[in-house]
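Put chain F with the ligand on the given structure of chain X with help from the hints.
Order-wise, the sequence lines are chains X and F.
Those letters in the first sequence? Residues 1 to 97, by our numbering.
Those letters in the second sequence? Residues 1 to 189, by our numbering.
One or more of the hints may lead you astray.
Distance condition first, Cα-Cα at most 35 Å in a straight line; then the derived DSBU-like pairs of lysine-lysine [claimed, not checked]:
hint, chain 1, residue 1, chain 2, residue 2
1, F, Lys42, F, Lys153
2, F, Lys153, X, Lys79
3, X, Lys79, F, Lys42
None of these hints come from the bench; they were simulated from the model.
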Amino acid sequence: MLLINCPYCGPRPEAEFANGGQAHIARPADPMSLTDDEWAAYLYMRDNTKGLHHERWRHANGCGRFFNASRDTTTDVIKRTYRMGERPEAEHQGAKP
Amino acid sequence: MLSPAIMRSNALSPMRSSGTTAASATTLSILPDAAKLVFRGKTEAIEAAGAHFGVKPSLEACRFAAVGGRSVYWLGPDEWLFQAVNEDPIEVFGGMSVALQAQACSLVDVSHRSDGIAVAGPTAALVLNHGCPLDLSLKAFPVGMCTRTVLGKASLLLSRSEEHVFHVDVWRSFAPYVWQFLDEARSLS
Ligand SMILES: [Zn+2]
Numbered sequence: 001m002l003l004i005n006c007p008y009c010g011p012r013p014e015a016e017f018a019n020g021g022q023a024h025i026a027r028p029a030d031p032m033s034l035t036d037d038e039w040a041a042y043l044y045m046r047d048n049t050k051g052l053h054h055e056r057w058r059h060a061n062g063c064g065r066f067f068n069a070s071r072d073t074t075t076d077v078i079k080r081t082y083r084m085g086e087r088p089e090a091e092h093q094g095a096k097p
Numbered sequence: 001m002l003s004p005a006i007m008r009s010n011a012l013s014p015m016r017s018s019g020t021t022a023a024s025a026t027t028l029s030i031l032p033d034a035a036k037l038v039f040r041g042k043t044e045a046i047e048a049a050g051a052h053f054g055v056k057p058s059l060e061a062c063r064f065a066a067v068g069g070r071s072v073y074w075l076g077p078d079e080w081l082f083q084a085v086n087e088d089p090i091e092v093f094g095g096m097s098v099a100l101q102a103q104a105c106s107l108v109d110v111s112h113r114s115d116g117i118a119v120a121g122p123t124a125a126l127v128l129n130h131g132c133p134l135d136l137s138l139k140a141f142p143v144g145m146c147t148r149t150v151l152g153k154a155s156l157l158l159s160r161s162e163e164h165v166f167h168v169d170v171w172r173s174f175a176p177y178v179w180q181f182l183d184e185a186r187s188l189s
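Bound conformation, chain X alone:
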């Protein structure tokens, strides 16, 4: 079983975690000023990265907290996990943050 490093609890079995989709997608500050296409892009359009991908995970059966992980989608190796509000490290910014 894969181990995922929760920023609060340390390395824990994959079965305790839930994936939360792509990270660092900010909600538009003023949704009313957006066109339908822009709003749809915010809601539905996601990167389909081959390589390093920054995504949200939740330690659902553990501390319950969301955090971010930088995962290589070709090898499934998680290079780094970091807390909500933090940015991915420069050396890991292969994908669009």
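Leaving out everything else, chain F with the ligand in the frame of chain X:
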């Protein structure tokens, strides 16, 4: 109005007679009822809550602290479980909420939500590992550690009070499943 005895019937009581037949070095037993409160808040509020409760909550991840029948479990970076064995939830909750009036925090009485099982014996870790993927060696999961985790298809709170004694706190609707899972596992190990 329902009498408190009806409102708080242990989901594991049917297991008493059927669940203790397997020949195994590991025993299962039903833990006594307890008042259980989930607290969420920042450092200042948790310190005030601990001071009132009489147990200093652990600020370190995945640790619990106990004084007599009262214990505080770390659940998350801003979340703790206060447990008082054989105490009246209404009284414990009332006292805590008065003590925390000036604090920004949340306190919820969840005494009715879960039941407890003690898994004890030299093979207790092995029995739990039939359905729990955590490393339960003393080095990785020392005495005094607690965490929410999974056992089979159920989510639960697991803690280690002695080298060979684990406590499982599981939501009522999962309790018979977890009991039967552990009973089957201990008959195999
Ligand atoms: Zn965690």
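Evaluated hints:
1. In summary, the hint linking F/Lys42 to F/Lys153 is supported, as the alpha carbons are separated by about 32 Å, within the 35 Å threshold.
2. With a C-alpha separation of about 29 Å, the suggested pair F/Lys153 and X/Lys79 falls inside the 35 Å cut-off, and the hint holds.
3. At roughly 30 Å between alpha-carbon atoms, X/Lys79 and F/Lys42 fall within 35 Å of each other, so this suggested pair holds.
Consistency note: the structure conflicts with none of the earlier hints.
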